[in-house]
Amino acid sequence: MRSFEDDPTLSELLPGDRQQQLLQLLQVLSGRPLVLSETPLTGAQAIEFNLETLGWLHCPEQPRVQQAAARLLEFVLFYVGKYRLAANLHHDSTEASFAELQRKHAALQESEARYKALAEQLQARVQEQVQVIEKTQQQLYETARLRAIGQLAAGVAHEINNPIGFIASNLRVAGDYLGELEQKLPADQGTAFLLEDFRALLSESASGTRRIETIVNDLKTFSNIDQADFVPCDLNGLLATTCHLLQTEGQALDIQLRPGTLPRLSGYPAKLSQAFYNVLDNSAKSLGEQGCILVSTRQLEDGTPEVVIEDNGCGISETDLPRVFDPFFTTRPVGSGTGLGLTVARDILIAHRGEVLLNSRQGVGTCVRLRFPRR
Amino acid sequence: MADYLPHERKLTLKVVYYGPALSGKTTNLMQLHTLLRPQRKGELMVLETRDDRTLFFDVLPIGLRGEHGLDLRLKLYTVPGQVQHDSTRKAVLSRADGVIFVADSQPPQQDNNANAFDNLADNLQKLGMDIEQLPIVVQFNKRDVPGAVDEAELQRRWRQTPWAPLCMAAAINGEGVVESFRLLLKRLYPVLDREFHLAADEGISEDDFVRRLSALDADHA
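Respectively, the protein sequence lines represent chains G and X.
Numbered according to the numbering used here, the first sequence terminates at residue 375, and the numbering increases by one at each position without gaps.
Numbered according to the numbering used here, the second sequence terminates at residue 596, and the numbering increases by one at each position without gaps.
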């Protein structure tokens with residue numbers, strides 16, 4: 001690229017037609033023919049601009065005319081050159097300033113983009129933090145709620161335990177007394193009818209008392225789980241025992257057990273059995289005719305031990321699904337369920353740093369996954 | 376940077392008079408044009424001024440011919456000193472082979488001197504030139520003005536820099552102008568000799584170089 005200060009040529013300073021115009025004027029003034037050339041001519045006068053020879057002016061046999069014409073030409077070129085230098089410099093510095101501006105502009109755009117990206121990142125981080133805070137708040141609230149319920153449950157259980165104990169005991173004694181009374185009463189039909197009804201009353205009361213005891217036990221489990229008693233547990237063994245217990249308790253149940261390989265797990269065997277029992281009991285109660293329960297255990301790909309309890313029972317409606325873990329929530333008739341089964345199961349799993357996942361479709365069945373922490 | 380055209384045997388050099396506004400750069404050039412009788416001398420071209428201030432630049436071409444036909448030319452430029460003409464200053468400074476920094480000796484102008492010198496360093500850096508490698512002469516002009524900063528004080532301030540000792544000048548009276556120019560030629564010669572072997576190939580010694588480019592009327596007398 002040419003710089004403003006590069007030496008110009010004659011035709012750069014004065015285009016051909018201008019040269020001819022000037023030459024003609026000089027010829028009219030001098031009355032002599034003149035030749036201007038950019039290549040050397042014999043006997044010609046050099047035309048200089050800033051020490052640079054730009055061309056040669058020749059006027060045959062008229063050295064004085066040639067000399068004067070050459071100086072006049074140089075005089076003109078000097079002023080043309082001055083203008084040309086200033087214009088070129090102006091052009092150069094304008095171009096440089098523009099290039100500088102463009103560079104600054106590009107740099108500004110880049111930094112703007114960087115700040116924009118940064119702002120977006122910050123926004124995302126703020127949102128993330130807000131979510132963490134909200135989740136923590138929710139957990140705190142849940143914990144506080146559970147603790148409150150737990151304290152209430154523990155209090156109630158303690159207060160009920162004593163009276164229910166002597167009620168149960170008294171009922172047994174009352175039954176014995178009934179036998180003795182029968183001996184001493186006349187054996188007429190009216191008396192026999194009365195005594196039979198009395199026995200039925202006592203028996204119903206005893207079974208009611210047992211149910212109250214069960215609820216009180218559930219409440220105690222729900223309110224009090226302590227890791228201090230943890231020992232290595234065989235989940236498959238615990239499951240087998242629990243299934244067996246359930247089968248011997250009620251009607252004939254179709255339970256298929258498919259144990260997989262599981263590592264021993266640190267836990268509280270009684271509580272774990274309780275959790276399995278609660279889930280299995282729910283399944284059993286949901287079954288209709290030809291209902292069956294499938295119990296399987298396995299390790300997930302990342303090593304997480306999992307117990308899956310599936311049934312093809314009545315399932316849970318979509319409206320009830322979000323509330324199944326809430327304490328005292330039940331769909332069964334009043335008196336037949338405590339509403340604590342899944343709550344207790346979940347709290348046992350949480351105490352073992354595990355989790356309970358529940359999938360269900362009404363009319364199709366329910367699948368409960370109990371996951372335990374990896375070693 | 377020096378511009379050498381081998382087929383024309385032409386070596387063109389550039390020396391730039393830099394400095395704050397109204398410090399006397401153009402006056403330096405005018406005095407050189409009047410005083411110097413170098414082997415070859417062109418016309419002093421003062422491009423455009425307003426209120427005695429340079430708007431574009433001034434240029435004075437001088438030259439010499441080496442014994443072996445080298446056509447050596449030195450173009451002396453001034454830059455506009457006013458702050459707002461920085462892009463022009465940078466364009467003129469580009470590819471310079473040497474710089475004469477013309478500072479103002481009047482006490483109130485010392486800040487302007489410092490700013491202009493910073494601007495020189497800044498522009499050299501932007502142009503990719505190394506201020507430590509470039510031949511530079513610092514001239515304190517206007518010694519004739521009453522109350523000028525004491526010379527000993529100025530020399531002391533600059534003693535630790537690569538540009539000591541300073542040149543003192545009263546360009547308006549032609550004093551110190553040629554001396555500053557000769558000092559620059561002396562500092563410029565070794566750089567050129569290294570690249571173009573002036574002594575070995577062209578038969579131009581340092582003495583020839585300085586004498587023939589800065590000859591005075593008196594030298595011929």
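Don't take every hint at face value.
[Unchecked claim] List time: in silico PhoX-like cross-link candidates among lysine-lysine, alpha-carbon distance up to 25 Å:
1) X:Lys561 - X:Lys385
2) X:Lys561 - G:Lys82
3) X:Lys416 - X:Lys561
4) G:Lys104 - G:Lys116
5) X:Lys501 - G:Lys104
6) X:Lys416 - X:Lys385
7) X:Lys385 - G:Lys82
Because the hints were derived from the structure by calculation, they are not lab data.
Predicted model, so just to flag it, every value in this text is computed and none were measured.
Query raised in the report: Can you give the numbers of the hints that this structure goes against, from lowest to highest?
Result: Violated: hint 2 alone.
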